[in-house]
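Asks: Listed below, chain by chain, are the residues.
2 protein chains.
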Amino acid sequence: MKQYLTLDPWNIIEEQYDPQQQEISESVFSIGNGYMGQRANFEEAYSGPSLQGSYMAGVYYPDKTRVGWWKNGYPEYFAKVLNSTNWIGICISVNGTELDLAACQVKSFRRVLNMKEGTLSRSFTAALPDGKEIRVEAVRFVSLARHEIGAIRYAVTPLNFSGTLTVTPYLDGDVQNKDSNYDEKFWVEVHKEVTADNAALTVRTKKLDFHVTSVMTFEIHQNGAKLALELEQIEQEKYAGYRVQVEAKQDEETVIYKYVANVTSRDYGYAQLLDAGRSALQEAAAAGFGQLYEEQVQAWAAKWRESDIVIEGDVAAQQAIRFSIFQLNQTYTGEDDRLNIGPKGFTGEKYGGSTYWDTEAYCLPFYLSTADATIARNLLIYRYKHLEKARENARKLGFVKGALYPMVTMNGEECHNEWEITFEEIHRNGAIAYAIYNYVNYTGDDSYLAQYGVEVLVEISRFWEERVNYVPAKDQYMILGVTGPNEYENNVNNNWYTNRIACWTMEYALQVLSDLQASDPAHYEELVAKLALAPEETAKWGDILAKMYYPVDAERGIFLQQDGFLDKDLTPVKDLAPSNLPLNQNWSWDRILRSAYIKQADVLQGLFFLGDRYDLDTKKRNFDFYEPLTVHESSLSPCVHSIIACELGYREKAYEMYLRTSRLDLDNYNNDTEDGCHITSMAGTWMSVVHGFGGLRVKDGVLHLNPFNPGHWSAFSFKVMFRGARLQVTVGEQDVTVTNETETPVSISVYGRGYQLGGLGHVQVGIGNPSSSAIVG
Amino acid sequence: MKQYLTLDPWNIIEEQYDPQQQEISESVFSIGNGYMGQRANFEEAYSGPSLQGSYMAGVYYPDKTRVGWWKNGYPEYFAKVLNSTNWIGICISVNGTELDLAACQVKSFRRVLNMKEGTLSRSFTAALPDGKEIRVEAVRFVSLARHEIGAIRYAVTPLNFSGTLTVTPYLDGDVQNKDSNYDEKFWVEVHKEVTADNAALTVRTKKLDFHVTSVMTFEIHQNGAKLALELEQIEQEKYAGYRVQVEAKQDEETVIYKYVANVTSRDYGYAQLLDAGRSALQEAAAAGFGQLYEEQVQAWAAKWRESDIVIEGDVAAQQAIRFSIFQLNQTYTGEDDRLNIGPKGFTGEKYGGSTYWDTEAYCLPFYLSTADATIARNLLIYRYKHLEKARENARKLGFVKGALYPMVTMNGEECHNEWEITFEEIHRNGAIAYAIYNYVNYTGDDSYLAQYGVEVLVEISRFWEERVNYVPAKDQYMILGVTGPNEYENNVNNNWYTNRIACWTMEYALQVLSDLQASDPAHYEELVAKLALAPEETAKWGDILAKMYYPVDAERGIFLQQDGFLDKDLTPVKDLAPSNLPLNQNWSWDRILRSAYIKQADVLQGLFFLGDRYDLDTKKRNFDFYEPLTVHESSLSPCVHSIIACELGYREKAYEMYLRTSRLDLDNYNNDTEDGCHITSMAGTWMSVVHGFGGLRVKDGVLHLNPFNPGHWSAFSFKVMFRGARLQVTVGEQDVTVTNETETPVSISVYGRGYQLGGLGHVQVGIGNPSSSAIVG
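Sequences listed follow chains A and B, in order. Counted the way the UniProt record's numbering counts, the first sequence spans residues 1 to 777. Counted the way the UniProt record's numbering counts, the second sequence spans residues 1 to 777.
Same shape as in the complex, but just chain A:
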């Protein structure tokens, strides 16, 4: 861990060129617009350490699985996030010498990710090996307004000479994934065409036949005027571009504008791709860099209007929370219901797959609260569309009925190949059901249930029905051989969380069916017929609910993570010599497994999800037992602990937990940011603030707030979209102010006292004091 970035409320700033930090910065400074994105690779040639990464959402590669020992039921492939055509490339040479920072003396260097505007800029002064010095000012973005478009402004100024610049803007599809299982390249060329107007390259994946067409054009300006250029057209294998020579005068700027459109066969027929790309490109180029930039600023302003969090008096925290929000909004915009939220977003290729249970367990709340309900709905629709694949997945594993959603997926099929995760973390199925509840509870959109939700709930319930086993001697149901959310256990029996979420799903499914039968009997009958739902099935679910076994320790008054948990050595983490931590780097796998140490919230995850069913004393007893055993070696762990700590009034613990993820990538806390950023855990950071410090819950159609100021900030505020209204909640040292920024009236509760907040109204309440004078505007 090395803190090398400058603190700033709206920008991520790197002030010097350091090849050792380059791959970390490539991750942190990544840009994306939900449709495409890329690591902060340099435009010009670079021979230093670098992980090239340019990604098109939904375009992936099924790389054949490679394991040491094959086990029956393994998926045959692992779906790789696919490094695609490098479209940012602009090679620069100065009197024949290639600009390559790794070969230069870099005299100044500054890289800025402007989160407010959604742009990546870089300026540097470099002395080439022959002593010629140039200054470069580069700025680029992927357009949020026109998602197929990327634009670059790249300005070169000779500082101690006048001479010839050779400029080579290009598209290069001859790229590869670092994590290819068989060191194979995944792309082959389909078509390329370089004309006087634009250069186009279409490549396709060797499997699945995804096509990606990139079309580029460029201009060069000097003294505010576009130059007429003599173009050399370049066509090579999987490569298209231009080369031009420009005379550059000392101290005068030569500005290259490069515009690129990237279109894929996910949206167009193969035959339409070239036209579609050219057409999008022409419109963008006609608009010009200035207008595109202005659109970008406006689009991001709209995002911030809905999702910003302001932290006063702590610039490190301010920068960190905005970075989290910015990355979440870059990764997923919710416009395309075929997409999801990859663990690394557009910041790296590692882990593969685009969809984990992270989406339902950690990310959904962010999108529910910071965007229109259709965005969160699309995350649900995504799983609905994968229902048939989830059924197939259950069949592959030997189940006669029901659906088991994959642990990791791109297209609905399981694409993870570690059995402990793939086969045994069946709790994921519960999170997918829970997300439906969460969405309906938050939005009040009951229609989703009848139209989509109930099918998913029934199929998941059927899976649980078959997966439990009845133990006649005890007249109880059990779930054997699972891995719970805590991946530092494996193949355990009766993981409390899994048993609980399984039963909760069946219970919720029964309730939804019953409500539907009452409210719309005709549609209910239709659904029962469509799903061939037999009365014996729902009766069986009821029986399982009644007779499910839950491991508990009556003496301590806690739920047991799994059978036999108390037989472990229960030495708390704080009593371990520091040299043992992190366990995943210092202990062998078997030792971790047989220890009591918890990677991420497990019982506590259940108490968080089903928080309204457990009283504070129960939560306290469990938190007090499990927190001291938790090592938080997953970036998804601290947020849940932080939120429950808030509920319990453990404010220092809550703040400590919040800090553990808030700057995870900015400070490269886990020494792995070079692989990409931890996108889904950023949603957890957001939750820590809004659900934790803000105490946000939704009960019976009312937004409840129970905020406190963690004490290290003079004030903080967050935005919440709720039932058509947008609220700003500001938590100061004395008061909480909730302002309705919209015309839509809304019911809220602060510290348990209800308020009807009119359009543009506000309420002010003393911290923790519902009886304090409340002014409703």
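These aren't lab readings, by the way, just hints derived from the structure by calculation. Just so you know, even glycine gets a beta-carbon here, dropped at the ideal spot from N, CA and C. Where hints are given, some of them may not hold.
[Unchecked claim] To be clear about the criterion: a stretch of chain B counts as covered by chain A if any three or more of its residues have a C-beta under 8 Å from a C-beta of chain A, and this derived list gives those stretches:
1. 62-72
2. 294-300
3. 514-527
4. 566-574
5. 589-598
6. 622-629
[To be verified] As a list, the in silico BS3-like pairs of lysine-lysine whose alpha-carbon atoms are at most 30 Å apart:
7. A:LYS178 with B:LYS107
8. B:LYS64 with A:LYS64
9. B:LYS396 with B:LYS71
10. B:LYS530 with A:LYS71
11. A:LYS547 with A:LYS620
12. A:LYS71 with B:LYS540
13. A:LYS474 with A:LYS207
14. A:LYS396 with B:LYS206
15. A:LYS206 with A:LYS401
16. A:LYS540 with B:LYS71
17. A:LYS71 with A:LYS207
18. A:LYS64 with A:LYS249
19. A:LYS178 with B:LYS185
20. B:LYS389 with A:LYS568
21. A:LYS185 with B:LYS64
22. A:LYS206 with B:LYS206
Chain A is fixed; fit chain B onto it per the hints.
Replies: Same frame as chain A, now just chain B:
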């Protein structure tokens, strides 16, 4: 499974050429002499399906581990059994056409493995593509008397023409392993030299620098006379040989004798290898094929004298049991205490490693009973020599003291890389302790304990001491997170077998220490000092013994395989639809794990090892509970069930279990014999006969027999070496006869009645009737 081999009491016979069976036959007809061995590849060129395999014991390759997901503590390499220089090669061409059975019309074909004499022969008549017919009679062996020597007699007779034979005898080191992790070749050339007398090739492994030198010479005879030949000397990369042309007359035999010496850097300095090889070769060639053959017949006669089992009235059973004994004797002769018994012997490369717990658990009894005690002792010395590595292995996994022997090894280091096996099957450590007890009990060689055994026992006990965990709330010790012998469970708590063998080890160690203290106090003090054995340690072992937790079901009166076993679905195997079996081909891994089905004896393994501590009722209750749940999907499973079934008087079950492995490879029962034969399970087959049907046990220095005739045989007899005597035990339909074939008197017990058997004496007892008239000769 296809039964294509001819039944015969002493030979394995294949009567026709079938390319589909070729790789299976290559395994089954393998030959070896404990020092080297090879699959039954053809001498001449062969373009059909074939797994080339020629192996030098102890020469291996540490292939870098390749796994899907790395886990801390994985070994860095997997030690591969190494395919080495092909030294059998003799290419034949007839008037310029290469002899290749895959390209010929094969008119007759017969391959015979003569187990009595230890030779592999093959005769065939083939029509070449041009219609020329030849007859070939080939026989070869690896010499048991001169272990570095291989000899081949290869005779060619033109049947419908006279013409020119081109004969190319060669050494080819340009070979590879099929299972190479990175498709790499492991050998590089060091030296080659082709002279008028012999051709030599030295190759070395890319890692570890093993050198193997092969030296060959050859003669060609016609009409009983050696031909003077004009030799063409061939040297190519990793290849040395000769080419000669011989005029062959119709119906007259041209006989090629090829002699090869293979020597390795395990036995000679690098600089000595060539001389050593040449010297061994010259002696062998001077002796000539006839004398070498005669030596081979004599050497094998001696083996059979000590180890033969005769089964009368069932030629399939007779052939099978001799095949098992033959393969065991081919694989390990006990002359070199650096060697061990690989799971595939010299019959294939699969699995890698040379040493599994199979050696201690299944193979040791065979060598104890069929060879001089020094042979079994060398198997123990092997582990003694690896003690330091076992200590290192424990350190690598985080243990402060003690030794953990590897699950699979070549040189003492762990070389398996599946964590469920490597990390969690710690019960193996108990088997290594048990083997010491087994050896001492059988041979009465107490001196082994003082000299070697006690160190191993102390270090293993220390491992258990650290590995158990104390549960204060229960005032008991437990062992969490293990895999027992049943590999269809993983990461279970309190596997009864593991807990039991752990305690047994500590108990035995304490007893051995106490005996030693009494019998040789000076040596005892020396050992205590050398091992820095503290009184607290032995006191702790005693405490663990007293307070170890064992899972039981009091109601059923059984030991539980592990915590929670009774929560599983206990449907017996016979009630599963046959389409489910074998489970390992039809069920996903998670489903197997959460089922109650047992791959191989687990609780029953403990009741077998510690058989004298449990009464018949206990064994019966456990057998009756576990046998119906056992799928026997390990070749090591049925033998233990068979032996306990014999004890319980379940004779049909015992015979059924015996049949499950007796012809495993001969009938390719598991469809995997093409990878090699299941050598270690052959020891289990032997145990089924001698310990099962023969009821052999050793108690207090007395050999106990409790034989019965399984009823499908008119009689069977086996040989047993015991305390310097060799006994032949013949079990007929009415009587059991035990004959002392040596001059050494011996105490035995038959059906619980003791006899003092003088030199060359015998005793005859009615089956199952100790009070019947017994005649002691």
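Asks: Now look at each hint and say whether the structure bears it out.
Replies: Now for the hints, and whether the structure bears them out:
Given as covered by chain A, the segment 62-72 of chain B passes the check, having 7 residues with a CB less than 8 Å from a CB of that chain where 3 are the minimum. For a cut-off of 8 Å, the count of residues in the segment 294-300 of chain B with a CB near a CB of chain A stands at 0, and the three-residue condition is violated. For the segment 514-527 of chain B, the proposed coverage by chain A is not satisfied: 0 residues have a C-beta within less than 8 Å of a C-beta in that chain, short of the threshold of three. For the segment 566-574 of chain B, the assignment as covered by chain A holds, since 4 residues bring a beta-carbon within under 8 Å of that chain's beta-carbons and 3 suffice.
For the segment 589-598 of chain B, the assignment as covered by chain A holds, since 6 residues bring a beta-carbon within under 8 Å of that chain's beta-carbons and 3 suffice. Only residues whose beta carbon comes within less than 8 Å of a beta carbon in chain A count, and the segment 622-629 of chain B has 0; fewer than three means the coverage is violated. Between LYS178 (chain A) and LYS107 (chain B) the alpha-carbon distance is near 55 Å, which puts this suggested pair outside the 30 Å criterion. Distance restraint check for LYS64 (chain B) and LYS64 (chain A): the Cα-Cα separation of roughly 20 Å lies within the 30 Å cut-off, and the hinted pair is therefore satisfied.
The straight-line distance between the Cα atoms of LYS396 (chain B) and LYS71 (chain B) is roughly 13 Å, inside the 30 Å bound, and the hint therefore holds. For a cut-off of 30 Å, the pair hint linking LYS530 (chain B) to LYS71 (chain A) is broken: about 46 Å separates their Cα positions. Proposed proximity of LYS547 (chain A) and LYS620 (chain A) is supported: the alpha carbons are some 26 Å apart, at most 30 Å. Taking the CA atoms of LYS71 (chain A) and LYS540 (chain B), the gap is about 40 Å. The hint is violated against a cut of 30 Å.
Restraint check for LYS474 (chain A) and LYS207 (chain A): not satisfied, since their Cα atoms lie roughly 51 Å apart, outside the 30 Å limit. Between LYS396 (chain A) and LYS206 (chain B), the direct Cα distance comes to roughly 43 Å. Violation of the 30 Å bound is thereby established for this hinted pair. Proximity of LYS206 (chain A) to LYS401 (chain A) is assessed by CA-CA distance (about 34 Å); at most 30 Å being required, the pair is judged violated. For the suggested pair LYS540 (chain A) and LYS71 (chain B), the alpha carbons sit about 40 Å apart, so the restraint of at most 30 Å is broken.
In summary, the hint linking LYS71 (chain A) to LYS207 (chain A) is supported, as the alpha carbons are separated by about 24 Å, within the 30 Å threshold. For the hint pairing LYS64 (chain A) with LYS249 (chain A), the CA-to-CA distance comes to about 53 Å; that exceeds 30 Å, so the pair is violated. A distance of roughly 25 Å separates the Cα atoms of LYS178 (chain A) and LYS185 (chain B); the hinted pair therefore holds under the 30 Å criterion. About 29 Å separates the Cα atoms of LYS389 (chain B) and LYS568 (chain A), which keeps this hinted pair within 30 Å; it holds.
In summary, the hint linking LYS185 (chain A) to LYS64 (chain B) is supported, as the alpha carbons are separated by about 24 Å, within the 30 Å threshold. The hinted pair formed by LYS206 (chain A) and LYS206 (chain B) fails the criterion: a straight-line CA distance of about 35 Å is larger than 30 Å.
Hint compliance for this structure: hints 2, 3, 6, 7, 10, 12, 13, 14, 15, 16, 18, 22 are not met, and every other hint is.
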